[in-house]
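Q: Knowing the structure of chain A, use the given hints to seat chain B on it.
As a plain string of letters, each chain reads:
2 protein chains.
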Amino acid sequence: MPVGDVSLVPLLPIDGVKIGICEAGVRYANRRDLTVFEIEDGASVAVVTTQNYFVAAPVQVVRKHIRTHTPRYLLINTGNANAGTGQDGIDRALATCQALADKTGVNACEVLPYSTGVIGETLPSERIIAGLDKALTVLTADNWLNSAHSIMTTDTTPKGHSVQTTIDGMTYTVTGISKGAGMIRPNMATMLGFVATDAHISPELLQKILVDLTNQSFNRITIDGDTSTNDCCTLIATGKVGGLIDSENHAHYQAIYQAIKDVMLKIAQLIVQDGEGATKFITVKVTGGKTTDDCAKIAYAVAHSPLVKTAFFASDPNWGRILAAVGYAGVPFDQSRVSVSLDEIAICQRGGLADGYTEEQGQVVMSRPEITVSIDLGQGDCTDTVYTCDLSHEYVSINADYRS
Amino acid sequence: MPVGDVSLVPLLPIDGVKIGICEAGVRYANRRDLTVFEIEDGASVAVVTTQNYFVAAPVQVVRKHIRTHTPRYLLINTGNANAGTGQDGIDRALATCQALADKTGVNACEVLPYSTGVIGETLPSERIIAGLDKALTVLTADNWLNSAHSIMTTDTTPKGHSVQTTIDGMTYTVTGISKGAGMIRPNMATMLGFVATDAHISPELLQKILVDLTNQSFNRITIDGDTSTNDCCTLIATGKVGGLIDSENHAHYQAIYQAIKDVMLKIAQLIVQDGEGATKFITVKVTGGKTTDDCAKIAYAVAHSPLVKTAFFASDPNWGRILAAVGYAGVPFDQSRVSVSLDEIAICQRGGLADGYTEEQGQVVMSRPEITVSIDLGQGDCTDTVYTCDLSHEYVSINADYRS
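Going down the list, the sequences are from chains A and B.
Positions 1 to 404 (full-length UniProt numbering) are the ones given, in order, by the first sequence.
Positions 1 to 404 (full-length UniProt numbering) are the ones given, in order, by the second sequence.
Possibly wrong hints are sitting among the right ones.
Stated by the list, open to error - Partner residues aside, some chain A positions facing chain B, computed with beta carbon under 7 angstroms:
| # | residue |
| --- | --- |
| 1 | L323 |
| 2 | A324 |
| 3 | L353 |
| 4 | A400 |
To be verified - A short list of chain A residues far from chain B (calculated; beta carbon distances all over 10 angstroms):
| # | residue |
| --- | --- |
| 5 | A29 |
| 6 | T68 |
| 7 | A83 |
Rather than coming from a laboratory, the hints here were simulated on the basis of the structure.
Built from N, CA and C at the ideal position, the CB exists for glycine as well.
Pulled out of the complex, with its shape left as it was, chain A reads as follows (with noise of 0.2 angstroms):
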């Protein structure tokens, strides 16, 4: 059960990308599974892949075919992670992307693949290959929410946004789709994103926008902490709308730039809404630091603290927990100029209790669905924020027993 609203807006089209989705029977049979993304000739995408150090076969397929070409095609199946696969992944994958090229008549380096699903098992690369030429036959610009469902492992919602800019008399479009539940699932390799705009930007723009956001999006949720062999955002630029923009003095970069993060923003708190055992969406917002890394330290210490998480679920003002993660954050501090807020309610100043605060006020605002803890370090001008969600008895159980 997801948490709050998880609703999304209309997802629109993106003139220059079409999309085909197909029951390939990857891993189960009618279920929608297989995803190809065709993009126009003349578009500029963007990739940030993950930062694990043990990178799954399509990630090292994608980081190879990104350096050389312009990708044309995203083949994109779940079901089956193709990591901890070895040589064999390789091949599996590029066999893919060589069979999706000759139907299309591309190069297979302008082909991306990507997979997510179990872990450590031989990726059924003839069913891919098999399921091709029904998705291609069904490539319409039309099929972003279906493709939002058809990328999804264990989620258990669809995850997507779409939002419009008007600057100058002209309208750009963005739309994204994700899909992510945990870090990891059982099992499973998970965070996945892939965003199109019809702006026309240039390759080094685009992947200065995608890092920088990626910095303020996906890199800044968090339910578990566990990072996954698998994961990769895409940005597309397809250039359809307007002139071109390769710089960020540019008068349209700034409204586009905001359009993109929006997206972004909101395709990345779709997965924390529907993490793991999730009841509660927790926005950690540290203020007043030296360097923006020193904020992003102690925020995702607070985000990964299990005490924290804990008293979330029990809706338990327990604000002891929560100095105590920003203290181990590793970044030093006075204590006596520390400030904590739950919401609108102060619990800490100056190091220690708040003035006038009582556990009732803080019961009332623990007991909410959406809750932002505000923390003031008070030694510099520099903030970061991250998202996360409380830790329940039902992550222990999705994790404990998906498999047994």
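A: Using the frame of chain A, we list chain B on its own:
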């Protein structure tokens, strides 16, 4: 319910240390909650304290007093951590030191205060002071086991160990006790360790031994990754046996070092065995690293991973989770050289599934109450080991339900 055998060997007295215990009613009536260690003049005393930047009031006092004076008394209360209490907390800790100093004719700076229990409540220093006479009346060398009980908060078993080592006809004794069952208990500040030997060791060397062995024992255990605001470990050398040891080259040094290590490792491991909700005791041993620090980072990533810990709880040989955790520890490596075993069963070789491995073999190992995960990186000669437990429903219950 602790994991495995937690029975204690007889805790031997240390000549030069006497311990007194009483019920001071700090938080509950009819519960031993006040402990006084009396250390004879002439001893060396070393202390390591929490690395948390939120430092509890008593720890601040300990750090100040140890800088200028050799402690003659340790004053330990449970039931209240005196943390998050600001200047008033420091004043109250100092008042208890002064009261004990007045009664025993020492300087207040020769008293070290330790508090463990609820965070954020005013220390009832008057009750502690009122209990001092009673504790001093019953000072005896044979009170180690009683003190292991009297420093417990929500621990389910007392933790202590004794080792004797004989060299050149000289018998040295080391005895230690500890408390803690999560790095932080719900509202509790946790880890305390007190170790004493009758050897004669210079203060400088004693401090070096303590730092070194803390890194191999208390700093190598993790239950939930949360570091408390009150953690302290104290090592006393009373100097009653043998000549002065002020160098690692002394003929008796290695034997005594090993005896202290045995005691500290045992009382650290007993904490993990009593870990909140623990059903399995896990040793994570990393070999073949370029540096010890690399090995520690990887061992901790595995030991902290909620997904790995829930897999152990479920007795599920879900090796993909272990690989993923190894991969995100922040240590670069060549995945084709990595091997992983569970006890005697190889599960991963050269970054892929081990030849001949079967799920049934993995299942057999994972069902054991004590399991060693061996990770060989194949990149160098360094090694490190971390001890942890699994993550169970009971952990969530203990931490979510405690205050409700």
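Q: Does each hint hold? Answer for all of them.
A: Quick rundown of the hints versus the structure:
no.: 1; hint: L323; verdict: 5 angstroms, holds
no.: 2; hint: A324; verdict: 5 angstroms, holds
no.: 3; hint: L353; verdict: 6 angstroms, holds
no.: 4; hint: A400; verdict: 4 angstroms, holds
no.: 5; hint: A29; verdict: 23 angstroms, holds
no.: 6; hint: T68; verdict: 23 angstroms, holds
no.: 7; hint: A83; verdict: 7 angstroms, violated
Checked against the numbered hints given earlier, the structure breaks only hint 7 and satisfies all the rest.
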